[in-house]
Amino acid sequence: MFIYKLSSWVDRYDPFWYGRLIALKAAYLAIGLFIANLILQPPLPTLVMLFSAVGVLIAELPAINDLNKKDNIYLAYVILICLTITIFSSSVYLKGWFILAVSAWAYVLYFALRKKPELYALVSAVLMLSMISLEGYNSGNFFSILNTLFFILEFSLIAFWLHKFFPFLYSRIWLSSILRSLETLQNMLTELSIADSQKLFRQLQVAESSLNLLVKQSYRQEARLITDLLSHYHYYLNDLLENKLTPARELDLIGADLLRLEHAVRKQSEFYYSPNLSPALDLTTHNQIYPQLQASWNKLCALVNS
Amino acid sequence: MRTREQLIHLRIIHVVAMLATALFIYQFSQWDDALWIPITVLAIIGPFSPGLSINKAQQRVLGSIAGLLLSLIFWLVIHYNYNLLVPLAVVLIYCVAYTLLQEYTFFIMLVTIMLCINFDYMNLFFNNEIFYLISRGLCVLTGVIICQFYEYCVFKSSYTNATSLVQKERLDALIVAAWQQVSSLASSGRPVVVAELNQCLTPLVNSLTGLQQLKESCQHSYSEQGETLILIEHYQEKLTSIYKWISLQGFNLLQSEPQQDISQVVELDEDSLEQKFSD
Chain A
1 MFIYKLSSWV DRYDPFWYGR LIALKAAYLA IGLFIANLIL QPPLPTLVML
51 FSAVGVLIAE LPAINDLNKK DNIYLAYVIL ICLTITIFSS SVYLKGWFIL
101 AVSAWAYVLY FALRKKPELY ALVSAVLMLS MISLEGYNSG NFFSILNTLF
151 FILEFSLIAF WLHKFFPFLY SRIWLSSILR SLETLQNMLT ELSIADSQKL
201 FRQLQVAESS LNLLVKQSYR QEARLITDLL SHYHYYLNDL LENKLTPARE
251 LDLIGADLLR LEHAVRKQSE FYYSPNLSPA LDLTTHNQIY PQLQASWNKL
301 CALVNS
Chain B
1 MRTREQLIHL RIIHVVAMLA TALFIYQFSQ WDDALWIPIT VLAIIGPFSP
51 GLSINKAQQR VLGSIAGLLL SLIFWLVIHY NYNLLVPLAV VLIYCVAYTL
101 LQEYTFFIML VTIMLCINFD YMNLFFNNEI FYLISRGLCV LTGVIICQFY
151 EYCVFKSSYT NATSLVQKER LDALIVAAWQ QVSSLASSGR PVVVAELNQC
201 LTPLVNSLTG LQQLKESCQH SYSEQGETLI LIEHYQEKLT SIYKWISLQG
251 FNLLQSEPQQ DISQVVELDE DSLEQKFSD
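Going down the list, the sequences are from chains A and B. Residue 1 is where the first sequence starts when you use my numbering, and the numbers rise one by one after that. Residue 1 is where the second sequence starts when you use my numbering, and the numbers rise one by one after that.
Just so you know, the hints here were simulated from the structure itself, not pulled from any lab data. C-beta: ideal position from N, C-alpha, C; glycine also. Hints may be right or wrong, so weigh each one.
As the list claims (entries may be wrong) - Below are the DSS-like pairs computed for lysine-lysine, each with C-alpha atoms no more than 30 angstroms apart in a straight line:
(1) A:Lys164 x A:Lys244
(2) B:Lys156 x A:Lys115
(3) A:Lys116 x B:Lys238
Stated by the list, open to error - A partial selection of chain A residues facing chain B, derived with a Cβ cut-off under 10 angstroms:
(4) Tyr18
(5) Gly19
(6) Lys25
(7) Thr46
(8) Leu57
(9) Gly96
(10) Ala106
(11) Tyr120
(12) Ile132
(13) Asn147
(14) Phe150
(15) Leu283
(16) Thr285
(17) Cys301
(18) Val304
What the hints assert, rightly or not - One-sided excerpt, in silico: chain A residues whose CB lies under 7 angstroms from chain B:
(19) Ala30
(20) Ala121
(21) Leu122
(22) Ser231
(23) His232
(24) Tyr236
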C-alpha cells in the first residue's frame with residue numbers, strides 16, 4: 001500500500017517516467033565512473049566525471065526520442081565541451097583577452113543556432129560547464145590542458161559504453177503514457193466533458209514518440225496498435241460527449257471496461273474478460289475496439305514474457 | 001517594429017553583454033569565489049527569453065540560499081562520517097537528475113549542495129566554511145543583480161510589444177494547412193486512419209505549447225507586452241477552436257464509408273473556413 005501511494009505521488013510529478021529514467025541512469029553512470037576513477041585516477045576527477053556524464057543526461061531529455069539521435073547528440077556535446085574548455089582554459093590568464101575570447105565564442109555559438117532557439121539552453125549549459133572547469137583547469141599550460149582533454153575523452157568513451165549497456169527502460173515511458181491516457185479517458189467519462197482532450201492528445205503524443213525507443217520491432221508493432229486504438233477512443237469519446245450526448249449509463253460501461261484495462265496495464269499482466277456487448281447504438285464502436293485493444297495488450301504481454 | 005530574427009539577434013548581443021560584464025568582475029575583482037558570478041549569469045540566461053530569465057533568477061536566489069544552508073548540515077554529517085560520501089553522492093546525483101525536469105528551485109538547491117560538498121569545503125574548519133558560504137552567496141547575488149540590472153534598466157525598452165515573436169504568418173499558414181489536410185482527407189475517397197488525423201492536430205498542439213511558453217515569458221517580462229499578450233490569446237483561441245473542431249469531426253472521418261464522411265462532416269469549403277476562423 002505504501003509503495004503504491006509513493007508511486008502515485010511520484011507519478012504526479014513525473015507522469016511519463018522521464019525523471020526516474022534520467023535519475024536511474026545518472027546514479028548508474030556515477031557508480032560506473034567512480035569505479036573508472038578508482039582505476040584511472042584523473043586529475044580533478046569530479047570535473048572529468050561531471051563533463052562526461054552530463055552529455056548522456058542531455059541525450060536522455062524527452063525531446064530526443066531516437067536512439068541514433070541520442071548517440072549523435074552525445075558526440076556533438078563531447079566535441080563542443082572539449083573545444084569550449086580548450087578556449088576557456090588557454091585564455092583565462094590573459095585577463096582582458098579572456099573576456100573577449102569567451103564573449104566571442106558565446107556569440108558564435110548562439111549565432112550559429114539562431115534558426116533553432118530551442119537549442120539555446122544546451123549552449124548555456126555547455127558554456128556554464130566550461131566555466132565550472134576553471135575551478136580546476138586554469139593552468140594556462142598547453143600540455144596540462146591536453147592531458148585533461150584526453151582524460152575527458154577517455155571518460156566520455158566509458159560513459160558512452162555505460163549508457164549503451166544500461167538496461168532498456170524506455171518501455172516504462174510508453175507504459176506510463178498509456179496509463180496516463182487511460183486515466184484521462186476515464187476522467188473525461190466521469191466529468192462528461194472534453195476539457196481534457198488536449199491533455200489526452202499530448203499523452204498519446206508521448207506514447208507515439210516513445211515507440212521508436214522500444215527494444216524489439218515486434219513489441220513496437222503491438223504497442224503502435226494499442227496507441228492507435230487509444231487515439232481512436234479519444235475521437236470516439238469526443239464524439240459521444242459533445243455530438244451525441246450519450247446517456248451516462250452507457251458511458252459508465254465504457255469507463256468500467258477502460259478501468260479493467262488500466263488495472264491490467266498497471267500490473268503488466270494479461271487479462272481475459274468477455275465484455276457484455278451492449279446493444280446500444282452508441283456503443284457499437286466500443287464493442288468493436290475494446291476486444292481489439294484487449295487482444296493487442298494480451299499479445300504484447302505474451303511477446304514480452306516469451 | 002523589429003522582426004523575429006532581429007529580436008533574436010538583439011537578444012544574443014544582450015546575453016553576450018551580460019556575460020562580458022560578469023567576466024569582467026570575475027577577472028578584475030579580487031573575490032575568492034568570483035567565478036560563481038559568470039556561472040550564475042550563464043545559468044540564468046539559459047532559457048534565453050528575457051521573461052523566463054527574470055523568473056529563473058528569482059528561483060536561483062531561493063534555490064542557492066536553501067542549498068547553501070542545507071549543505072551546512074551535509075558538511076556536518078560527512079565531516080565526521082567520511083565514508084558516507086560515496087553513497088550520499090549517488091543519492092544526491094539521483095535526486096539532481098530527477099529534478100532536472102522539475103522546478104528549477106529544487107534543481108539548483110540540490111546542485112548547490114552537491115557542488116559544495118564535492119568541490120570546496122570538505123576539509124575546512126567551521127569558520128572557513130561560514131566564510132565560504134557567505135562568499136559564494138554574495139557571488140550568486142552579484143550575478144543575479146547584473147542580470148536584473150541589465151533587464152530592468154538597459155534592455156527593458158528593447159523588447160516592448162515584441163509581437164513578431166508570435167509568428168502570425170506561420171500560425172495562419174498552419175491553420176489553413178490543417179484545414180486543407182482535413183478537407184483532403186474527407187474527400188480522398190479512402191478510409192482515414194488515426195495517424196493521419198493525428199498528423200493534422202500535432203502541429204496545432206505543438207504551437208499551442210509554444211504559445212503558452214511565450215505567454216509565460218511575456219508575463220514575467222519587465223517590458224510592456226500588452227499587445228503581444230492580446231495577440232497570443234487571440235491565436236490560442238483560434239488554435240484551440242480549430243483543434244476542437246477537428247477532434248470532434250475526427251470520429252466521423254474515421255468511422256464508416258468515406259463517401260458518407262463527406263456528407264457528415266460540415267461542409268469543408270474555403271468559404272466556411274474563412275467564416276469560421278476569421279477574426
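Does the structure break any of the earlier hints, and which numbers would those be? 1, 13, 14, 15, 17, 18 and 21
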